[in-house]
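> Sequence:
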Amino acid sequence: MFHSDIMEEIRSRLIEIIRLVGFNTGGLNIEIIRDKNDNIYFMEIGARNGGNFMPELITLATEFKMAAANVNAVLNEPIDLDFVFPMMHIIPS
Numbered sequence: 001m002f003h004s005d006i007m008e009e010i011r012s013r014l015i016e017i018i019r020l021v022g023f024n025t026g027g028l029n030i031e032i033i034r035d036k037n038d039n040i041y042f043m044e045i046g047a048r049n050g051g052n053f054m055p056e057l058i059t060l061a062t063e064f065k066m067a068a069a070n071v072n073a074v075l076n077e078p079i080d081l082d083f084v085f086p087m088m089h090i091i092p093s
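The working numbering applies: residue 1 is where the sequence shown begins, and numbers increase by one.
Only true hints are included.
Here are the simulated distance ranges between beta carbons: (1) Ala73 - Asn52: 17 to 23 Å; (2) Arg48 - Glu16: 18 to 24 Å; (3) Asn39 - Glu77: 36 to 42 Å; (4) Leu75 - Glu8: 29 to 35 Å; (5) Met7 - Leu81: 18 to 24 Å.
Here are the simulated lysine to any residue pairs, SDA-like style, with alpha carbons at most 25 Å apart: (6) Lys65 - Arg48; (7) Lys36 - Arg13; (8) Lys65 - Phe53; (9) Lys65 - Ala47; (10) Lys65 - Glu77; (11) Lys65 - Glu31; (12) Lys65 - Gly26; (13) Lys36 - Ile10; (14) Lys65 - Ile15; (15) Lys65 - Asn49; (16) Lys65 - Phe83; (17) Lys36 - Ser12.
Please keep in mind that the hints were generated in silico from the structure rather than gathered at the bench.
The beta carbon of each residue, even a glycine, is placed where N, CA and C say it ideally should be.
Using the sequences and the accompanying hints, generate a full structural model.
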């Protein structure tokens, strides 16, 4: 997997940031830069799904229906988490 050597650090730092700001439901658009010295910089963490049809791409890749999940979250309805996730090692436990 591309950048697999830093995914755990990104996961840990992202979970801590999300906990600190109290975010608990909804889509996140995350942009990260890795420099030549392997430093990681979070450039953006936005409470949105992202552009360029990212929710549709995620659905095609994982079968997770992100748009439906966002609507269900707003309506306080159950979110279907039964989907294929190719990078299970970065999912928070």
